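Going down the list, the sequences are from chains A and B.
Oh and the first sequence: position 227 is 227 in the working numbering, straight run, nothing missing.
Oh and the second sequence: position 47 is 1047 in the working numbering, straight run, nothing missing.
Simulated from the structure, these hints should not be mistaken for laboratory data.
Any given hint could turn out to be false.
Among chain A residues calculated to face chain B with C-beta under 10 Å, some are [to be verified]:
#1 Ala26
#2 Met27
#3 Asn33
#4 Leu36
#5 Ala37
#6 Tyr38
#7 Ile44
#8 Trp60
#9 Phe66
In silico contact screen, one side only, chain B against chain A (beta carbon under 7 Å); selected entries [unchecked claim]:
#10 Val1032
#11 Gln1053
#12 Glu1055
#13 Phe1056
#14 Met1063
#15 Ala1066
#16 Ser1070
#17 Met1072
#18 Met1076
#19 Pro1126
#20 Ala1128
Note that the structure is predicted; figures quoted are calculated from it, not measured.
Yeah, the Cβ is synthetic: ideal placement off N, Cα and C, and Gly gets one too.
Single-letter residue listing:
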Amino acid sequence: MLLLVAGVLAAAVIPLAPGLIVTDLAMGALFLNAALAYVLVALIMAGWGPNGAYGMIGGWRFLGQFIAYAMLIVMPITAVVMRAESLSTVDIVTSQAALWNIAYQPLGFALFVVAAMGLARLPPLDLPTAPGDLAGGIEAEYTGVRLAVLRLARMLVILALAGATVTFYLGGWLGPWLPAPVWSGLKIVLVAGLMVGAGRLMPRVREARYLELSWKLGVPLALTNIFLVGVIALVVTI
Amino acid sequence: MTGMTAQMIFLAFFGGAAVWFGIVVFRTHSMVRSAIALLFSQTAVGLMFLLMQAEFLGVLQIMMMATEMSVMAVFMVMFMMDPGGMGAMEMTHQKRLSLWAGGVGLVAALAVIWLADWGPVVPNIPGAAQQAADLGRELLGRSMLIFESAGLTILTAMVAATMVAIAPTKERRK
Chain A
1 MLLLVAGVLA AAVIPLAPGL IVTDLAMGAL FLNAALAYVL VALIMAGWGP
51 NGAYGMIGGW RFLGQFIAYA MLIVMPITAV VMRAESLSTV DIVTSQAALW
101 NIAYQPLGFA LFVVAAMGLA RLPPLDLPTA PGDLAGGIEA EYTGVRLAVL
151 RLARMLVILA LAGATVTFYL GGWLGPWLPA PVWSGLKIVL VAGLMVGAGR
201 LMPRVREARY LELSWKLGVP LALTNIFLVG VIALVVTI
Chain B
1001 MTGMTAQMIF LAFFGGAAVW FGIVVFRTHS MVRSAIALLF SQTAVGLMFL
1051 LMQAEFLGVL QIMMMATEMS VMAVFMVMFM MDPGGMGAME MTHQKRLSLW
1101 AGGVGLVAAL AVIWLADWGP VVPNIPGAAQ QAADLGRELL GRSMLIFESA
1151 GLTILTAMVA ATMVAIAPTK ERRK
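Please take these sequences and the hints and turn them into a complete structure.
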């Protein structure tokens, strides 16, 4: 249930069009992070709660995965916020009117999407709920309505993350010809589809390997991204 | 006036919740329940910040506590004899000393609250974006040394704790 609330809260600050947003907080980007932080709490509780080995290991595995993805969610957002000079998600979209962030900071985009897939437990980073390995991990002990809520919440988190990717890197509602909400919807569905589909073509990544890659490669790259965006923002006005 | 009263009621409610969850931390016999109770206590403090219109601090507190309590759980898993947090254990230790320390701390906190000169109530609260900007200037100006020292100390403690947790071995993984 907490997972569902986290997904709903994260989606609440995603703007679909000018004026079409549940709540335009001045701290939108930070609020999104705060909401997504509770995905972790919810999944640890969901794994630990049933008092079963598979669920518990799945929950703690997700915690290990969190250590890997957490910084790579926050640091690319920092660079996005630096360009927009605002934490408001609406301001972040309007700052991309001349050039979308996917072109302005492609490194940040790549890091953010991979980290988002880790957060959403999508393949190849789905070991916390891997069906072949832990009999479902966190989901192992749940059936019926509870399992449905858990899976629905996961879909909602995926959509919120796709919405965040679109807002931060793909210009949100910006686009020619079509109305703004249609652009937002199309982009969100496309990104969500890519996130769900792309990883299925790759072998699963072990948490230790994911942690190693995230901290030894991801974090230096994210810092480089912040540095580059800072230099570009100071030198060029786009 | 009604808004002010509602604000006071919610402030008292979340204040009470923060204290209650703080008590639960020591009343439970499970490390995981204890960690979650501490998280809820800190989240209630974050909600109090939000009620006092400190949007940035509130959201930051709510976010950081979720991650910090989880990182605490990582250390718990590394150090404790009960890695999964499934077993029961006593959450209080050195009771006499703890009671004295808690009592003295409470008296000191109350003394600061009652005796400090808080100055006049701010009539116009700056907007959320302005608060964030002001806080940024404060952190990168006058308070930079304090925060950087605190940050470095925490990082050193975490690295040291991790090194202690790693069993000494000569075999190499690769």
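Taking the hints in turn, this is what the structure says about them:
no.: 1; hint: Ala26; verdict: holds, 4 Å
no.: 2; hint: Met27; verdict: holds, 5 Å
no.: 3; hint: Asn33; verdict: holds, 5 Å
no.: 4; hint: Leu36; verdict: holds, 9 Å
no.: 5; hint: Ala37; verdict: holds, 4 Å
no.: 6; hint: Tyr38; verdict: holds, 6 Å
no.: 7; hint: Ile44; verdict: holds, 7 Å
no.: 8; hint: Trp60; verdict: holds, 6 Å
no.: 9; hint: Phe66; verdict: holds, 6 Å
no.: 10; hint: Val1032; verdict: holds, 5 Å
no.: 11; hint: Gln1053; verdict: violated, 11 Å
no.: 12; hint: Glu1055; verdict: holds, 5 Å
no.: 13; hint: Phe1056; verdict: holds, 6 Å
no.: 14; hint: Met1063; verdict: holds, 4 Å
no.: 15; hint: Ala1066; verdict: holds, 4 Å
no.: 16; hint: Ser1070; verdict: holds, 5 Å
no.: 17; hint: Met1072; verdict: violated, 11 Å
no.: 18; hint: Met1076; verdict: violated, 10 Å
no.: 19; hint: Pro1126; verdict: violated, 11 Å
no.: 20; hint: Ala1128; verdict: holds, 4 Å
Going through the hint list in order, the structure does not satisfy hints 11, 17, 18 and 19.
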